[in-house]
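Engineer: Chain residues, written in single-letter form:
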Amino acid sequence: MNAEMRRRLTAAEEDLASRVAALPEGSDRLGDQRRAAGASVVATGLPSRRVEAYKYTDLRAAFGALAPVAPPADTIAAAAAVAAAWDWDGLAARRIVFVNGRFEPGLSTLAGLDGAVEIASLAERARLPDADLPIGRLAAGNEDPVLALNTAFWQDGVVIRVAAGATVAEPIAILSLVVADAAVAVTTRHVVEVGAGATVRFLEHHAGPAGIAYQASGAIELDIADGARVTWARLQEEGPAALHLSTLVARLGAGSALDRLSVNFGAALSRDQGFVDFAGRDSRVGFEAATHLDGRRHSDATLVMNHAVPDCASKERFRAVVADEARSVVQGKICVAPQAQRTDGRMMTQAILTGDGAEAINKPELEIFADDVQCGHGATSGRLDETALFYMRTRGIPKAVAEALLLEAFLAEAIEGVGDEAIAEALTARLRARLAAIGGEAT
Amino acid sequence: MTNLLEVRNLHASVGEREILHGLNLTIGAGEVHAVMGPNGSGKSTLSHVLAGRDDYEVTDGTITLDGQDLLELEPEERAAAGVFLALQYPVEIPGVANMTFLKAALTAQRKARGEPDLSTADFMKRVRAEADKLGISPEMLKRPVNVGFSGGEKKRNEILQMAVLSPRLCVLDETDSGLDIDALRIVADGVNALRSPERGMLVITHYQRLLDLIVPDVVHVLSGGKIVKTGGPGLALELEERGYAEYLGAAAA
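From first to last, the protein sequence lines are chains A and B. Just so we're aligned, residue 1 is where the first sequence starts under our numbering, counting upward by one. Just so we're aligned, residue 1001 is where the second sequence starts under our numbering, counting upward by one.
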């Protein structure tokens, strides 16, 4: 307690305390939830490197100040930003759009959306009397401070319900844009419930302006019922000065599957954290990450895979290309409860360091209390394969092109791991364009 | 006949150790030369120095192709100028499809030479036709370069690249190693099909058997980092019979 009392508040923590104190009074569940979550972060302070889970991503140091909540974007500017946004090479025909943390029904393209999919704005629901929002159902008991900040301050979000047994042909895209010319804070919260036996794909895309140190926070609670299959691909392309925080809390019923891919290109500092609970037998999770970092970017992928029941499999592959003085952090924890026999858990972290000051940090953890399990983790990091580079050059491929091809191949393997050809193709093309743009800058 | 490749007084080292001690070699257009020699004589060094591997330092001498100084050029520039090295151990490149690799190589070479890019249709046609001759399936073309290929498949893939890229000078570095006789024949047929009056070939090998199938115009013996004897195809047979023993001291003398 003494340490707590001696702790000096940073400017951001002072902002935080006054913002939590300013949360509206009231006796509704939602207000209680916000105040409790906010108070918990005020009590502990922003997570610093002294907190084990934030050892390599010190948010107390990273937050100079809390940016003011983003005002609604000018209609024309918002429409222009949406029009300019990447459409996943045509895959994102049905798009739920958020600009500056607010749902934009007018800019979203929901017409023709599969009837089995129900979408509603959280902020709108919250205004109804006796609103019973599903927020926090999966996140209950999770004390992560980034998630708590999101719970305290979310501006808007959607509840998406996919009917049991439905097979949704077209992917559902969620686009989160920031339109700003000064630092702002944007906070969204989504709740997604996939009914039993349903099959659905989601595309999540984050983008914002260059040169603005905005703060974007998003959290998703994803509830996958028995026998459902979900593919979730996210592309983080925040502006290069932005701070990006993302949390996924997922629960899988029996016989279900989740294939999740996280592609990270943007932000000065980003953290993509996942908390996955297996709640029913015979389920499978695949986590793939493809990260490309340059400059002094810092990217953190943190995952807690919780095997609470028997006969489930989880497989993670984190791949990163780290250029210049960038830094990639991967923290992966696989927990296997005593009763979770025949768990198959595998985690692999691989980094290619192309910059002299580049860094890859890997912290795998296995917490295994069952005896009949197969769990393992591995990590590699190194330079590009010189032999392969020479071979390609002897065939006439210039060094820069050969390097880009090898880096693309390395990250594309993780992208293809999502198991959906159309999504993988679109994202690989996006990756290729990025590598070409960066190669062009270098020459 | 004009000289395609001229190597003059070539000295090359790896680290502190000099491996080639003043090597001379001239190959005319349309000629097939074989370089034979015992282990450690500098055969692979010669092939890698020609291709421009930077682990090897050239300390003296010149290499020209069509009069152009190769030592001034990067590996990819040498390739565009017409040098092709078929490796003893072709490299596996996970994640890069064979077709993508070939297209990138051909596109880059044509661009470097100021030639227009081939249309995708023409490119596919050319690759399929050459692949067919070498018994390379369309499925192999889609797979990552050399990944999971057998020894024979890797060597055939090298010859496919050579055929598609159509170089001025083909350097075959122990292409026969690790091949059974059937695979060897397919590879040799592929190489022979590429013999032409405009093209030179340098076949580097330890054994005679490859030269039964790819019959050279000239045979050189490389020993101790120098060419110590040059002769006709008969020299290869002599070596097969008597071994390299008599040449082992020659370089030092």
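None of these hints come from the bench; they were simulated from the model. We put the beta carbon where it would ideally sit given N, CA and C, even for glycine. Heads up, some of the hints might be wrong.
[To be verified] Label pairs and their in silico Cβ distance ranges: (1) A:400 - B:1132: 30 to 40 Å; (2) B:1069 - A:386: 20 to 30 Å; (3) B:1064 - A:386: 23 to 33 Å; (4) B:1112 - A:367: 52 to 62 Å; (5) B:1112 - A:433: 17 to 27 Å; (6) B:1147 - A:400: 39 to 49 Å; (7) B:1147 - A:422: 49 to 59 Å; (8) A:387 - B:1068: 18 to 28 Å; (9) A:429 - B:1147: 41 to 51 Å; (10) B:1110 - A:387: 40 to 50 Å; (11) B:1129 - A:421: 25 to 35 Å; (12) A:341 - B:1016: 38 to 48 Å; (13) A:167 - B:1129: 19 to 29 Å; (14) A:86 - B:1112: 28 to 38 Å.
Engineer: Check each numbered hint against the structure and report the violated ones by number, ascending.
Structural biologist: 6, 7, 9, 10, 12, 13
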